[in-house]
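**Student:** Got chain B; can you put chain R on it based on the hints?
Sequence order for the protein chains is B and R.
Per the working numbering, the first sequence starts with residue 615, numbered consecutively.
Per the working numbering, the second sequence starts with residue 615, numbered consecutively.
Just so you know, the hints here were simulated from the structure itself, not pulled from any lab data.
Heads up, some of the hints might be wrong.
In this list, chains with the same sequence are indistinguishable; a pair is considered to hold if it fits within one copy or across any two.
To be verified - Think about it this way: if two alpha-carbon atoms lie no more than 27 Å apart in a straight line, the pair counts; the simulated DSSO-like pairs of lysine-lysine are:
id, residue 1, residue 2
1, K781, K878
2, K675, K1006
3, K878, K947
4, K675, K947
5, K878, K1006
6, K774, K878
7, K781, K947
8, K774, K757
9, K878, K757
10, K675, K878
As the structure is a computational prediction, the values presented were derived from the model and not from experiment.
Protein chains: 2
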Amino acid sequence: MTPGAGIFRTQLPQGFFAQGINCGVRRYRPDLGMIVSEQPAVAAGVFTQSTCQAAPVLHSKALLPASNIKAVITNSGQANAATGQQGDLDNQAMVAATAEALNCDSTQVLAASTGVIGEPMQIDLITAAIPDLAANVTNMAEKFALAIMTTDLVPKTVYKTLTLQGKTVTITGIAKGSGMIHPNMATMLGYLLTDVQMAPAQAQSMLTDVTNNSFNMISVDGDTSTNDSVFLLANGESGVVLAQAEDIATFQQALQDVAILLAKSIARDGEGATKLIEVQIINAPDLDLARSVARSLTVSPLIKTAIYGESPNWGRLIGRLGMAQVPAELLAKLSITCQELLLYDQGQAATEDLQALRIGMREDTVILTIDLKSGDYHATAWGCDLSERYVKINAEYVT
Amino acid sequence: MTPGAGIFRTQLPQGFFAQGINCGVRRYRPDLGMIVSEQPAVAAGVFTQSTCQAAPVLHSKALLPASNIKAVITNSGQANAATGQQGDLDNQAMVAATAEALNCDSTQVLAASTGVIGEPMQIDLITAAIPDLAANVTNMAEKFALAIMTTDLVPKTVYKTLTLQGKTVTITGIAKGSGMIHPNMATMLGYLLTDVQMAPAQAQSMLTDVTNNSFNMISVDGDTSTNDSVFLLANGESGVVLAQAEDIATFQQALQDVAILLAKSIARDGEGATKLIEVQIINAPDLDLARSVARSLTVSPLIKTAIYGESPNWGRLIGRLGMAQVPAELLAKLSITCQELLLYDQGQAATEDLQALRIGMREDTVILTIDLKSGDYHATAWGCDLSERYVKINAEYVT
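In isolation and in its complexed conformation, chain B is listed as follows:
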């Protein structure tokens, strides 16, 4: 397996093409991207749990899972959320222009948008640019990744190849997001592309599992967006059919590796962030508790600011575990470790060496491990610290 990340290092699976251009909604940066599959692809999606769902979310959700998807069109700058009936019409126009340019049906085109909520779409700029965009799709995952960025500092692409049945399978992931929600732009988007052959139901269930362990375990500011979407497209062009249990397990693990790398890159690129925070809950009595406690620690502003300031205020961790409803009998026996330093165990402080903790927290990644000593379930969540810069970015933004 060859993991790769970053611009100019990504390859697409066989039969997939991508491109990004500037259509004029934003001044200079690419703001419109397209992914095309030569052969109709099996596709699955997972979407925001918000009751306020953007027009492209409603469109894509209604189509998936599917077995005949040709393309995904995505714009950045305007979220097409809270835009009323005109928003639906604008999304239909974006999808129709893509279908026409690719000579396929509108039901074969998925859509996503990211940007300011509530602003009307500059749809004419988008539809006018689509024919040119469609004519120029090629092996440019990086340009697509740039076109979907909002407050992201870096484009996010990852790929992995693996050998199944003697053949090479590629999984390529592209994402954007400076958090579960963007202060101004409110979107996390993920695209997982592969040339393996799988059934729509299989794709949907695998994507749900993988998302629950990756994108659904990150947070920058605890908000859920109106536009969150993760797509999985599988076009079968590697000639590998996912049927045997062993192949399925190997592939799903690789897909999850790609998704976790992307998810971590989003958390690390959280607005104003200086550190990645990884929270590992181990030996929990059930998976739901493990996941909810892990996430709860990553959204606490008290923990996030303490890590930013490299302040060894570990009492805040206990406070948050109580708020996260860890049962009192577990609180009495659990242990808390930070950067491999045992801080708390069996209901009381386990170290007085706060200087060692302070030094450990200088690292770029801070790892907290909570051992609940009560079962076999584990969960890991990722977040970032909270700096003055987060406030500045979001306070100064003017629509």
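**Tutor:** What follows is chain R alone, placed relative to chain B:
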């Protein structure tokens, strides 16, 4: 009714005495306070929902409701939470020293602590100072209010008098808190004192109602503390017995007014805050939805930073309403007003005059009203904006 707030303006109900002193846990500031009722008082309490409850919370909770409470002892600087068995012993020592000084039983003394979580108590300093403190209780609600402060910038006291059955009844409220949780000190404490006569069960149910409309509707950073406690003490010394429905309603309204004034003063004094945010949810189909949506808006970092920056980014409000699970059919008809300017109605933008909104947001208090147009339930929540200073306070704190 004569509301009063601020230092040197508070009076205590008949038969109540208070004082605050420095016992040496903190360098100069008062850090130990006591409230004494001449006659045994009826008392009720509401406490943090955290599963991690401080030793004084467990002690006070076990005693209440009660009809024979003589005193409340409170220290600041150390929270006595996550302190193991030693924490329970330390709390017992603090309570026993108070009972001895007042010549009453330990079961007549309530306790509260606020400060750093996990740090062992400097209990010897506290018990040594209690006899002197008990000997000097007088009409010094302000000194008590100062003694329980942590990161608070101002002491928080309010009183109200009302006439019932031809007699004067006083309600005095004292609180501390720079939020539902203090970054370092993790506590919100409230004390409601009155000279009316009421039954313990009546006191408990009234306190629960009042707290649900006041202290439980504020947030600074979305965290719940290990030490949150609100007490109601009623000693009957006004000679007024609360029995008739009309008197009960009048008294409860006055008690709620006091609690809301205190709650708002906590939100306004949130760490780093520059503005008070009031969120009014009106015409909701049920009370739980109204309350949860109101609170959800006050904890969103995106909304808090936008208000801090006076940035008219109202799309963030819709995003948060969706995350708060407002049903889609309500989202399609609700209206959003900020500073009396209609921003959004019937699923789309209602104004393009963002400059007027920007000017309105310059006020010291920003009021958001969400009209759900679907029922008769209302709820109001209070919070504060999020500034760089919040991050600085919490990042730089060193235990």
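**Student:** Please list, smallest to largest, the hint numbers that this structure does not respect.
**Tutor:** Of the numbered hints given earlier, those the structure breaks are 1, 2, 3, 7, listed in rising order.
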